[in-house]
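Asks: Now for the letters of each chain:
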Amino acid sequence: MTMFSATLGAIPAGVAAAPGGPVPYAVAILALAAGLVWQILRMRQRSRDLLDRQERVRGLESLLAISARIHAFRDSEHLLNEITQSVRESLGFRMVLLRIYNVSDKVFEAKAFSGIDEEGIEYLRNSPMTLTGFRKMALPQFLVSNSYLIRHTIEGAEQALADAYTQAQEKRAEGEWDERDALIIPLNSPEGEIRGYLSVDDPVDHKVPGLQTIQMLELFAQQAATAIASAELYSRLHRQNQELTRSSDRLRYHNELKNNFVANVSHELRTPLTSIKAYSEALVHGRERMEDAAQGEFLRVIQSESEKLTGIVNNLLDLERMEREQITFNRHQTDLVALVRGIEGSARAQAESKRIAFSMHVDREEVLLGVDADLVRQLIRHLLDNAFKFTPSGGKVHLSVVDGVSSVRIVVEDNGIGVPDNKMTYIFDRFYQVDGSSTREHGGQGIGLAICRDIVTRHGGRIWGERVQPQGVRFNALLPRRDEIVRRGQDNGHHTVFNDVPEFAERLIHWVGELLRARVVALLLPDPGGEHLVVEAAMGLEDRVVQDMRLARGEGVAGRVWATGEPALGNAEAAGARTPAERADPRPDTGTLLSAPVMRAGRVVGVVNVANRIDGRAFGVCDRLLLQAIAARLGHVLERVVVHQSSNREFGDLAQALRKSVAIRRARHDELAEICHDICIESARRMGLSEPELMSLAFALQTYDLGLTGIPDDIIHKGPPLEPEEWEILQQHVHLSLQLISSLDAPGEVHDIVLHHHEHFDGSGYPQGLAGEDIPLGARLLMLADSLTAMLQGRPYRRAVGLEQALAEMQQRVGSQFCPRCLENFLEEAQRHAERIDEVQLSRNLALPAPASRPAATPVNDVEYEDGELVGAASGDGHTH
Amino acid sequence: MSDVRVLIVEDEPHLAGLLSRAFAQEGWQAVVARNGIEGLNQVATFRPDVIVMDIMMPKLDGIDATRLIRRNPGHDRTAIVALSARHDRTARAEMLTAGADLFLEKPFVMSRLVSQAADALAARRTPAGKDMT
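Listed in order, the protein sequences are those of chains A and B. Going by the numbering used here, the first sequence opens with residue 1, and the numbers climb by one from there. Going by the numbering used here, the second sequence opens with residue 1001, and the numbers climb by one from there.
It is possible that some hints are incorrect.
[What the hints assert, rightly or not] Label pairs and their computed distance ranges (CB to CB):
| no. | chain 1 | residue 1 | chain 2 | residue 2 | range |
| --- | --- | --- | --- | --- | --- |
| 1 | B | 1029 | A | 290 | 19 to 29 Å |
| 2 | B | 1029 | A | 289 | 18 to 28 Å |
| 3 | A | 343 | B | 1077 | 52 to 62 Å |
| 4 | B | 1088 | A | 423 | 18 to 28 Å |
| 5 | B | 1088 | A | 313 | 17 to 27 Å |
| 6 | A | 256 | B | 1072 | 32 to 42 Å |
| 7 | A | 236 | B | 1070 | 52 to 62 Å |
| 8 | B | 1070 | A | 343 | 46 to 56 Å |
| 9 | A | 283 | B | 1029 | 20 to 30 Å |
[Said to hold, decoys possible] Dumping the calculated DSBU-like pairs for lysine-lysine here, alpha-carbon to alpha-carbon at most 35 Å:
| no. | chain 1 | residue 1 | chain 2 | residue 2 |
| --- | --- | --- | --- | --- |
| 10 | A | 258 | B | 1059 |
| 11 | A | 106 | A | 207 |
| 12 | B | 1059 | A | 389 |
| 13 | A | 354 | B | 1059 |
| 14 | B | 1059 | A | 308 |
| 15 | A | 258 | A | 396 |
| 16 | A | 308 | A | 354 |
| 17 | B | 1059 | A | 423 |
| 18 | B | 1059 | A | 136 |
| 19 | B | 1059 | A | 396 |
| 20 | A | 308 | A | 396 |
| 21 | A | 136 | A | 106 |
Since the hints were derived computationally from the structure, they do not count as laboratory data. Just so it is clear, CB atoms sit at the ideal spot from N, CA and C, and this is done for glycine as well.
My request is simple: use the sequences and hints to build the entire structure.
Replies: This is how it looks when you write it as C-alpha cells:
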C-alpha cells in the first residue's frame, strides 16, 4: 500500500506545476492521467495477484515436499528437528522453536530449535511454558487466522510475553518485525486438542508476516502435527513390539528350561530306577546261585538307589509345593547355630563318602533369628548337596554362619568346578543346569538352587553366588533380621499412639533397637488404672511375656525407673524379667538391660527398656545417655505424631529422619565408631559436663552425620582435590543433619553441638568461624571423635591408620583445629581403649600397629583428615575452607 | 556262546557292575569303561565283540563314541547295544544313525539283555545278503 499512496500524491504535485494552463485541457489531461493511473494500478494489481498466486502455488508445492519429507521420520527427536529446520529453510524465519505439550506435567516443553544459540537452547529447555503462560499469550487481540501474532504495539503484549524468551530492542519502522514481536502457531491434533506450538522469530525479510504467510505456516503446522502423532504412534508400537519380543524371548527361555527339565528329570529318575530294577531282577532270578554276601550287597545297592530316587521325588514335590505357595511358613525365633550343628553330622558323613574335607564356622555360640526352621534347614541342605555334588574328591566345602546387625548370612563355599560368570545369575532358575550337555559329569534336575532361592525370598532375603579364587564358588544366603513387633492385646480398651499410627510406632521401636544395637526393645506404659506398667509394644520378646507382664511401681528395673524417673542399667535375660540381678546397684556402668523414663512435660509417662545387645556385650554409659536422651523426648514425639498425623509433611520428615539415622548407623557406626563415641563421652565427663549435657552429646554423636545421607556418594567418596562447588555441597551436610535432627525433636543443645562441630579452634572452620571457647565444648569434643573415627575406619580416599598414628596426627593440629584442653583429655581416654581398637582393627584387617621407626600407613596423596571428612588439597593449604 | 568279549561303557558304577556280572555268568569276558574316552581306549586294546553303550556320560557321550568306533572299518564286526535313560526319539535316531545295532531303554529287562546282545552280534556277523541265497 505504500506505493499506492506515493503514486497518488505525485500527480497533484504535477498539476500544480502547470499554473495558468487552460482548465478543461488540464481537466482532460487530469482525467486521462487518472484513467491511465487506474489502468496501470489495475494491471499492477492483477500481475501482483498473479505473482502472488504463483508464489502461493510454489509455496504450497514446497510445503507439500516438506510434509512428505517430515512424514518419513519415525523417530520423534529427528522429526521435531526436521520440522524446525524446515520452517527455517523454507518458510522464511531464522529462529524457530517447537514446544510439545506434556500432558502429565501440563507444560509445553521445548523440544526442537533452529537458529537459536546454545545458551538460548539451554534457557528454553529449562523453562517449560506452563498452560497458564500459554493462555496469557493466546489472547483474542493477537489472533490472526488460527495463530497468535503478538505485536509489541498491541496492548497486553508485554504481559503476554513475560514468560517467553525475548530481548527488547530499539523501535523499528511500522510494518517492520520487532524483536519484541512473537508469532505463535498452535499444533493441534485432528481432534482439535492442542499438542504443542511453533514459535517463530526473525523473519528473513524483516517484515511482519502477512495473513498468507501465517496461513502457510498453519498449513505446515497441521502437517507437522499429524507427522508427530504418527511418529508417537510408531514409537509406541515399536516399544510394544520390543516388549513383546522380550517376553517371547523369556517365554522361549522358560519353555526351554521346562523341556530340559522333563528330559533331565526322566533321566534322573530312570538312572536309579534302572539299577533298582536290574538288581532286584538279578536277585529274583539268580538268588539260589548267589552267596549271602553278594545278596546283601545287591540289597544295599537297591536300598541306596531307592533313597536317591526318594530324594529326587521329594525335591520335585517341594518345588511343586513352593510353586503353589502351599508351604506353610512358620517364623519362630530359632538358634541358627543349633540348627547348623544338627545338620553337621550328616554333612560330615556325606563329605567322607566323597572324600571331601568339610569344615564349619559359626560366629557365636548362639545366633537367634526369626525364621522357619524347617525351611532354613532345607536351604542349608540344598546348598551343601550342591557343593558336594560339584566338588571332586580331595576338595573342600566350608559352611559358615555370619551374624550381622541387620541380617544373618549363611555361606557355603567350595573349591569345586565353579560356575562361569555369565551363568551365575541363571543358576537359581528352575530346571537350569550349567552343563546341560549329554557329556556332563553331574546329574541333577536344576531344582536345588531354585528351592534355595524360594526359601530365601520367603524370608525377605536374597541369595547370590560368587566366584572364588582360584577355583570354586561361594553361595551367600542373606536372611534379614526382622524382629516382629509384638503388641499388647486390645482387651483393656485403652487408646494409645499404637492404635492411631501403628506402623509409625513400630518404626520408632525398630529405630531405638537399631540405634542401641539391641535385640529387645520394649515400651512400657501405665495401664488405665495407673497402678501397673504394661508392655505396650515390644520387639524381640515373646508374645506371652508381652501379654502377661505387669510391674508395680518400684518393681523390677522398669518399675523403679517409673518410680524414680532415673535411668537404670541392670542385668536380665530379657527386658522385664524379674531376676535377683536386677536389684543391683541402680546406677551400674554396664548391664545387659537398659531402662530409661519416657518423659512428657517433666512427668514420667512410661519406660523404654532395651536389652540384649546384638554383639553380646553389655550396654555402657554412652548407650545409657543415648537412650535417656531419646526416651526423654519420646513422649513428646509420640504425642506429636498423634496430633499431627494428618499433617503428612511433619510426619514424613520424622519418618525420613528415622530411616536415615538407621542407614547412617549401618553404614558408619561400627564398633570403632562406638569406641570413639565412648572416648568422647568419657572425656566430656572428665571435663565436667553435666548429665543433661552428656545426654545431648550422646544424641549428637548418633546423629551429627545424618546429613551425609543427602550428599551424593561420589562426593563423599571422592578424594581431594574437591572442586569448589563439590566442597560447597559437602559442607551442606551440616545443615541437612540439623534439619533431620530437628525432625527428631532433639534437645536444643544437640543442635548447637552439631552446628558447630566443624568450627576450628583458631576460627578457620565453618559455618560461623567461631573460635576458642566460643565453640560449644560438646562441638569441640565431637570434632575429635569424628576425626578419630574417620582415621581408624579409613575412607575410600584414604587408608585406615592405627591409633598411635591417628593421635600423633591429631596432636599436630592442636591449637589450629583442635582445642588443646579437649585434646589432652581425649588423648588420655583414647589411650585407655588402645587395646580394644587394635583388636578391632586387626580383626578387620584395617591398619596394622605402626612400627616405631616408620609409620605403616602413609597418607595417600597428602590427604589429611580433618573434621572426620576430607579436606586437604581442595583448599590449597589443607586448612582453610 | 562263550569266549565272547563284551565292553560295558557305563558311568553308573552299580549298573556297570551288575552288567559285567550278568555277562560273566554266561561265560562272556566283560570289561567296564566309565566314559566314552575310556571306552574308545578299551575298544582298541580289548577288541570287544559286543559293546554295551550308555548315552549320557562324562567327557565323551555314547553317540559320539559310537560314531568314532564306526569310522574305523576294523570294527565292522563289533555289535553295539545302546542303553539309555534318554527316551526321546532324537536320542534313538541319533544313536542308530551313529551305528548302534540296537537301542534299549532304561530300565531294561535284565534277563533278556544277554540274549539280545548275542542276537545283535549274530546279525552283525551274518554277511549281508546271505539270507537271500
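Asks: Work down the list of hints and note, for each, if the structure agrees.
Replies: How the hints compare with the structure:
1. Checked against the hint of 19 to 29 Å, the pair residue 1029 (chain B) and residue 290 (chain A) passes, with Cβ atoms roughly 21 Å apart.
2. Remark: the range hint 18 to 28 Å for residue 1029 (chain B) to residue 289 (chain A) is upheld by a beta-carbon distance near 19 Å.
3. Against the hinted window of 52 to 62 Å, the Cβ-Cβ separation of residue 343 (chain A) and residue 1077 (chain B) comes to about 55 Å, which satisfies the hint.
4. Distance hint check for residue 1088 (chain B) and residue 423 (chain A): the Cβ-Cβ separation is about 24 Å, which falls inside the suggested range of 18 to 28 Å.
5. The beta-carbon spacing between residue 1088 (chain B) and residue 313 (chain A), approximately 21 Å, falls within the hinted interval of 17 to 27 Å.
6. For residue 256 (chain A) and residue 1072 (chain B), the hinted distance range of 32 to 42 Å is satisfied, since their beta carbons lie about 36 Å from each other.
7. Taking 52 to 62 Å as the suggested C-beta distance range, the pair residue 236 (chain A) and residue 1070 (chain B) conforms, at roughly 58 Å.
8. Look at residue 1070 (chain B) against residue 343 (chain A): about 50 Å separates their beta carbons, and that is inside 46 to 56 Å.
9. Between residue 283 (chain A) and residue 1029 (chain B), the C-beta spacing of about 24 Å keeps the proposed range 20 to 30 Å intact.
10. As the CA atoms of residue 258 (chain A) and residue 1059 (chain B) are separated by approximately 25 Å, the hinted pair is consistent with the 35 Å bound.
11. The suggested pairing of residue 106 (chain A) with residue 207 (chain A) holds, with an alpha-carbon distance near 34 Å, which does not exceed 35 Å.
12. Proposed proximity of residue 1059 (chain B) and residue 389 (chain A) is supported: the alpha carbons are some 17 Å apart, at most 35 Å.
13. With a C-alpha separation of about 20 Å, the suggested pair residue 354 (chain A) and residue 1059 (chain B) falls inside the 35 Å cut-off, and the hint holds.
14. Of the supplied pair hints, the one linking residue 1059 (chain B) and residue 308 (chain A) holds, its CA atoms being roughly 24 Å apart against a limit of 35 Å.
15. With a C-alpha separation of about 32 Å, the suggested pair residue 258 (chain A) and residue 396 (chain A) falls inside the 35 Å cut-off, and the hint holds.
16. Pair hint residue 308 (chain A) plus residue 354 (chain A) holds up; C-alpha atoms about 15 Å apart against a cutoff of 35 Å.
17. For a cut-off of 35 Å, the pair hint linking residue 1059 (chain B) to residue 423 (chain A) stands: about 21 Å separates their Cα positions.
18. Distance restraint check for residue 1059 (chain B) and residue 136 (chain A): the Cα-Cα separation of roughly 79 Å exceeds the 35 Å cut-off, and the hinted pair is therefore not satisfied.
19. Note on residue 1059 (chain B) and residue 396 (chain A): the hinted pairing holds, with a Cα-Cα distance of about 23 Å set against a maximum of 35 Å.
20. The suggested pairing of residue 308 (chain A) with residue 396 (chain A) holds, with an alpha-carbon distance near 23 Å, which does not exceed 35 Å.
21. For the hint pairing residue 136 (chain A) with residue 106 (chain A), the CA-to-CA distance comes to about 15 Å; that is within 35 Å, so the pair holds.
Checked against the numbered hints given earlier, the structure breaks only hint 18 and satisfies all the rest.
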